[in-house]
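Asker: Now for the letters of each chain:
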Amino acid sequence: MNFSSFQFQEHVKNFRMTATKENLKQAFLKIKLPEASWWGLRYVNEVTTERMVRDKHPQSNDTFQTSGVMIEVLYHGHFSYAATPLLTENGLQQAANKALLQAKAACESKVFNFTSQVRPPSKVNFASANALHKRSPKEINELLVEISARLKKSEKIIRTAAYVRTVEAHFIQLSNEGMENEQNFSLITADFEATASHNHVFQKRTDGGLRGRSYQGGWEHLWSKDLWQRVDKVAEQALALVAAPDCPTGVLDLMIMPDQMMLQIHESIGHPLELDRILGDERNYAGWSFVKPEDFGHLQYGSSKMNVTFDPTIPQEFASYGVDDSGFEAKKEFLIQEGKLLRGLGGLESQLRSGLLGVANARSCSWNRAPIDRMANLNLEAGSSSFNEMVASVEDGVLMESNRSWSIDDFRNKFQFGCEYARRIRNGKLGEVVKNPNYRGVTVPFWNSLEKVGNLETLGVYGTPYCGKGEPNQIIRVGHASPVCLFKNIEVFGGV
Amino acid sequence: MKVINETYARELSQFIFSSLQKNESAFLNFYGEHSQFIRLNQCKVRQNGVIDDAFLEIIFISSFEGEHKKNTCAVQLTGEKNSDQATLSNILPKIRLENAELPPDPFATLPKEGKSSTQILTGNLPSEEEVIQELTQFKQLDIAGIFAAGRIFRGMSNSKGQFCWFETQNFNFDYSVFNSQQKAVKSSYAGSNWDYKEFIQNIQHSEKNLKMLNLPSRKIDKGKYRVYLAPAALGDIIAMLSWGAVSEASIQQGDSALKFLRTKEKNLSPLFSLVEDFNLAGVPQFNEQGEIAAEQLTLIEKGALRNTWVSSRSESEYGVKSNGANASETLRAASVLPGTLKEEKILSELGTGLYLSNLHYLNWSDQPNGRLTGMTRYACFWVENGKVVAPIENLRFDDTLFNLLGDKLIDLTEKRECLAEAGTYTMRSLGSMTVPGALLSEMEFTL
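For the record, the sequence lines run as chains A and B. Note that my numbering numbers the first sequence so that position 482 is 482, with each residue one more than the last. Note that my numbering numbers the second sequence so that position 229 is 229, with each residue one more than the last.
So that you can see chain A by itself, here it is in the shape it has in the complex (with noise of 0.2 Å):
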């Protein structure tokens, strides 16, 4: 990609910090920091703007930057860190000094004994396929209120919203060893909703669940083909909910379309295989896994037909990235293969600790948080099931779509998720709307009862920009693609 022509909306542009690589550069080599055997800097400057819509009317037109460095330094076997938006060569001065105080205070006491080989000398650049060209807030807003407009179809529906999140992002990496790695993001979230209400009845009905259509790209991601299709389905989809049923009761066969799918396998994939959290890095906050390291290359995590890859290679998917912030070069791996566990969501330093198999996924939120293990871009990959073929093998069951609640316990076992829209299944054939639908069951025995997974034709490519870990805590944006899936002999329910 050549960043010359790397284009930003004129007015997002204007908010940046002036930082480039080569004056970032020349402000650290200065640094001096001669008891340190490695030092590094991660820069981060990221513009979000978030606009929305609410019964016609705008709810926020909000610009958020930031911008600063990370500054790591390695002594004694221990990286400590010192986080600062003074991008001056007396503030990373500064920084060096501060986060090198840090490492010596904390050296003795380290939880491991690590080295500089886990932040190689990289030097890779990466930009995303498209970029968000000049819309201006006032196209953006009317659009906004257009989609707001459209939902309002009848009088039953008493709340309609329509959403844009975008984010430019400009990441720098150096080290003293010579790391030197640039990447530029350009990032959309787009979302829209209706609820409807009758006779005490309330139902939202939302474009792909929670925020779930965030991509790497551009305006074309808002500004689809099938937008209008889309914006017409919520609305109908609202309102045959609340005329609906409740969903029954009982353990059926469970469909499932892609934007819960993104939850199933986030919750119950992801999360347990992130290897700082097998090692107990997280079981004060986010928990711990019932994945044990001797599990890796044994356990046999779902059926055959479960085939699940860490994928930083998809150009629109929204965790797409060249490098880690450790400065490991990402590729595609396969996490689980036939049902099998292969390898574990973990970077370097997590591989060199647990003597296993990971990915490049050492990442950070920003420059005020230091790098941990968190999954990125996740997939289910595709089968060969086509849609037809799966709802024609249920004889009874549901079918569920787009994700409105998750829970799942510290040991990512005992999982419960609610959805927006369900539809029977009975005897092979799609039937009616009923609402409420909830599911719950256990990871590994879920997993093992996938029967079917559809075909690319069933493929959604979804994403979340709030995945929330760690100590400190962190919010970072991850993808999820998926086919439809089928399960056998599910718990399912209904309302209250």
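There could be a bad hint or two in this list.
[Said to hold, decoys possible] Below, computed lysine-lysine pairings styled on DSS-like, alpha-carbon distance capped at 27 Å:
1. A:K233 / A:K153
2. A:K134 / B:K69
3. B:K264 / A:K156
4. A:K340 / A:K488
5. B:K186 / B:K160
6. B:K345 / B:K208
7. B:K69 / A:K138
8. A:K138 / B:K22
9. A:K292 / B:K342
10. A:K21 / B:K197
11. B:K44 / A:K292
12. B:K219 / A:K292
13. B:K69 / A:K56
14. A:K104 / B:K321
15. A:K21 / B:K94
16. A:K156 / B:K266
17. A:K104 / B:K197
18. B:K211 / A:K30
19. B:K208 / A:K104
20. A:K25 / B:K266
21. B:K94 / A:K56
22. A:K488 / A:K429
23. A:K138 / B:K94
24. A:K292 / B:K186
25. B:K219 / A:K488
26. B:K94 / A:K134
27. A:K25 / B:K264
28. A:K21 / B:K81
29. B:K211 / B:K44
30. B:K69 / A:K152
31. B:K208 / B:K81
32. B:K222 / A:K488
33. B:K2 / A:K104
34. A:K32 / B:K2
35. B:K321 / A:K56
36. B:K139 / A:K292
37. A:K305 / A:K332
38. A:K30 / B:K2
39. B:K342 / B:K302
In short, the hints are calculated from the structure, not lab data.
Using the hints, position chain B against chain A.
Answerer: Frame of chain A; chain B shown alone:
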């Protein structure tokens, strides 16, 4: 980074307001911290460092013939005057340009003259180097957790001359101690004055409680059980009320289960009262628009809805009088009033059932109808005839607010705990919640 203090914030405020044109007004919100973070695993340092961060949010409003347009822009601050003023000089024309393109906002709130305030709370924090040795000295214990400490500030000014400033120095060591069976006790030591003896006592108390988890675990079948929720567990349920419950906008838009309290179709238990009490919480009383909340605001009194949190935006839209809510209309200083259950009677009054120290990963399973799901976590026990018998394997619950804080609530404890906010998303959060424990006749567990 230079320290950003009240004087600096006033200077930047003046710099911005002097640039406004006649039809323009603005609110400014200052956020910042200097924080040390020490992350532990196995009572050793996993990651540690210091963060300096600050940003300024400009809420910009233009007015013309009774119509208002609003946009916001938050920018990084460095504490260096020339750099920050250059950033602001660059930003203001861009904000103005964007503002001109926006549709009118019929519910935008304009700045008013209001009461200014300064509240600077100092503390006695441990040395950034020495504290690492103090935290990692317990070689016999498997401790995982996070120590976070330092200075936090919040400021608000508006173009009508109001200026409010709040800063504090505090620490929070939020941690869990694990036994060899992966069971753990959760605790925290938080405050503004680090007392080494108190810290040691806190750890020793956790170590003592951990011994109870060494008994073999019991698997409990799904079903309904009598339950005691310790303060942290009740606090997890109360925290959910910030997610589309106590907000006036949520009630108006149909999202909140508390709408049934407003219509009096349902009530919560007469034993349950929820107050926002700013005397207890260590948070500023001013919101993003300089509105000052009352020192105490009763939200729920003996099971009946007395007030919701109402922002000035909701006042404009729904005609309900605003009361200094923040923009999200969330809890900031929650205090659940105590009951009569004495601490020494908890187990005997529980009789046979579940003692739950903490809950985990709560979510609304049916938000408009007030149904919640979540998991048990940490030191949870099966109790028979008032005696702890065994720790339990974790359980999933799925039950409604109208049971948990309603019909099934038997009593609340006399003694309450102050639970300091431990969140550190974007920046360290301020505040705390003061809650008792709760004895329930029944709670439903589904997995």
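Asker: Holds or violated: A:K21 with B:K81, Cα cutoff 27 Å?
Answerer: holds (24 Å)
Asker: Is it true that the CA of B:K208 sits at most 27 Å from the CA of A:K104?
Answerer: violated (32 Å)
Asker: Holds or violated: A:K156 with B:K266, Cα cutoff 27 Å?
Answerer: Holds, at roughly 24 Å.
Asker: Under the criterion that the straight-line Cα-Cα distance not exceed 27 Å, is the pair A:K305, A:K332 satisfied?
Answerer: Within the cut-off at roughly 19 Å; holds.
Asker: Given the hinted pair B:K208 and B:K81, is their Cα-Cα distance within 27 Å?
Answerer: violated (52 Å)
Asker: Verify the proposed pairing of A:K25 with B:K266, using a straight-line Cα cut of 27 Å.
Answerer: With a Cα-Cα distance of about 64 Å, the restraint between A:K25 and B:K266 is violated, given a limit of 27 Å.
Asker: Starting from B:K94, check that the Cα of A:K56 is at most 27 Å away, please.
Answerer: With Cα atoms ~25 Å apart, B:K94 and A:K56 stay inside 27 Å; holds.
Asker: Within 27 Å, alpha carbon to alpha carbon, are A:K292 and B:K342?
Answerer: violated (43 Å)
Asker: B:K345 and B:K208: Cα distance at most 27 Å?
Answerer: Roughly 20 Å separates the two Cα atoms, so the pair holds.
Asker: Tell me if the straight-line CA distance from A:K134 to B:K69 falls inside 27 Å.
Answerer: holds (22 Å)
Asker: Is B:K44 close enough to A:K292, meaning Cα to Cα at most 27 Å?
Answerer: holds (21 Å)
Asker: Could you grab the alpha-carbon distance between A:K292 and B:K186 and see if it respects the 27 Å cut-off?
Answerer: Roughly 23 Å between the alpha carbons, so the hint for A:K292 and B:K186 holds.
The structure fails to meet hints 5, 9, 10, 14, 18, 19, 20, 27, 31 from the earlier list, while all remaining hints are met.
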